[in-house]
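Residue numbers (our numbering), protein chains in the order written: chain Y, 1 to 174; chain V, 175 to 410.
Since the hints were derived computationally from the structure, they do not count as laboratory data. Computed from a predicted structure; not experimentally measured. Virtual Cβ for every residue (Gly too), placed ideally from N, Cα, C. Just to be clear, a hint being listed does not mean it is correct.
[What the hints assert, rightly or not] Partial list, computed: chain Y residues near chain V (C-beta under 8 Å):
no. : residue
1   : Ala-72
2   : Asp-119
3   : Asn-121
[Said to hold, decoys possible] Residues of chain Y clear of chain V, computed beta-carbon distances all greater than 10 Å:
no. : residue
4   : Pro-55
5   : Trp-62
6   : Arg-88
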Amino acid sequence: MTAMSTARQAPAREPAWSLSRSAIGLWTAQGVVVTVVEALVVAALIVFVPSDAGPWTVLVRWVAPVGVLVTAVVDIGVRPRLRYRVHRWEVTEDAVYTLTGWLDRTWTLVPISRIQTVDVNRGLVQQLFGLATVAVLTASSQGTVRIPHLEADVARRVAEDLARRAEQVRDEAT
Amino acid sequence: VSDPAGVGGQRTSRWVLLLHTVTFRQARALVPAVLGIGAARGFQGGTVTVVALVVGVTLLSLLWAALSWWRFSYAVGETSVVVTRGLLSRSVRTVPLDRVRGVEVEAPALHRLFGLVRVEIDAAAGSVGTKGEELVVDGVSRAEGDRLRARLLARRAAVTGVATGADAGDVAAPVEEAEEVISRFDPRWLRYSPLVGSYLAVPMAAAGALFRLLDEVPDRFLPDLGRPGAPAGSAS
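Use the sequences and the hints to build the structure in full.
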């Protein structure tokens, strides 16, 4: 494995690995929940706003449902896939390396020698989808890197591996 | 649900259940909600309601403490400390032993009744998100606490000693060496305490609070000193 060369040219190319495919399912489920809530609110408005309220009627009867429909398409059809495409991560020989964001792209590199703590969190919904989030904490208050929605056992292995390697690399910083 | 830690974890002492029930450690989280409900509904009811509430809250507290205890485990492995916790959403925190910055063994008053201690492991991780808390193992026996501390710090000292000769100032003394007493508390030091300004303010604040409290007490509970013909002593 040419990890050293990988690390050296790291900022020039994208991290190699993507999140779990199940993340799309999770985000879609979230989108569905949000859409249902929005639809309920709009339905309540349609019921309770009288039909002779002038411009408000038009707003509630036509604009709001269309808005809900559009956000539904975005939240359920587009965004989960987009998010899946833009989140990338990789653990190289000496750094944890993530790339997030669609318009604002953020590259984060955490040297393994600076890792203080590794967390694996599994939220309720994540457990349903068999996913887990890995958080890599450094001594810096800015330095926490989160890799959301990995397969649970991948997350566990990554955390163990990082903790073990961080222990081997002596941290000269503090 | 399989245990993501993988390592055979240890639970804290069972007595901590009792401790956390008595102090409502977990149930305290409900106070804002309860206050809100109480304020909205108003409170009326006699002794029965009060007793029912007390029993209910205590049972809830016990249940919560039991669940937290059951879902919490810690393990000190070859290379790292792993703490697993969370009732529904699970969290596994791994700290490489080399990154342990300090171990604090604390014995608050109630803990001492049960012979327990609280071990706080300082990992110097930026306190973002997770409530700023480090690794806390709350409620292990004193012996276990000492064992944990020795284990964690021994590892650190050994690693520090072996790994680098460069930062010699950092190299700790060998673990086996007896601890050196630098200073011991002497009661005579208390004589200097009035020299600190804030300590003068504290008794005054206490006196003020006392007067305030006296002001609140209904008149019928106070002896009436101003009345003519009061018991001897007021007339000179």
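Hints breached by this structure: Number 1 only.
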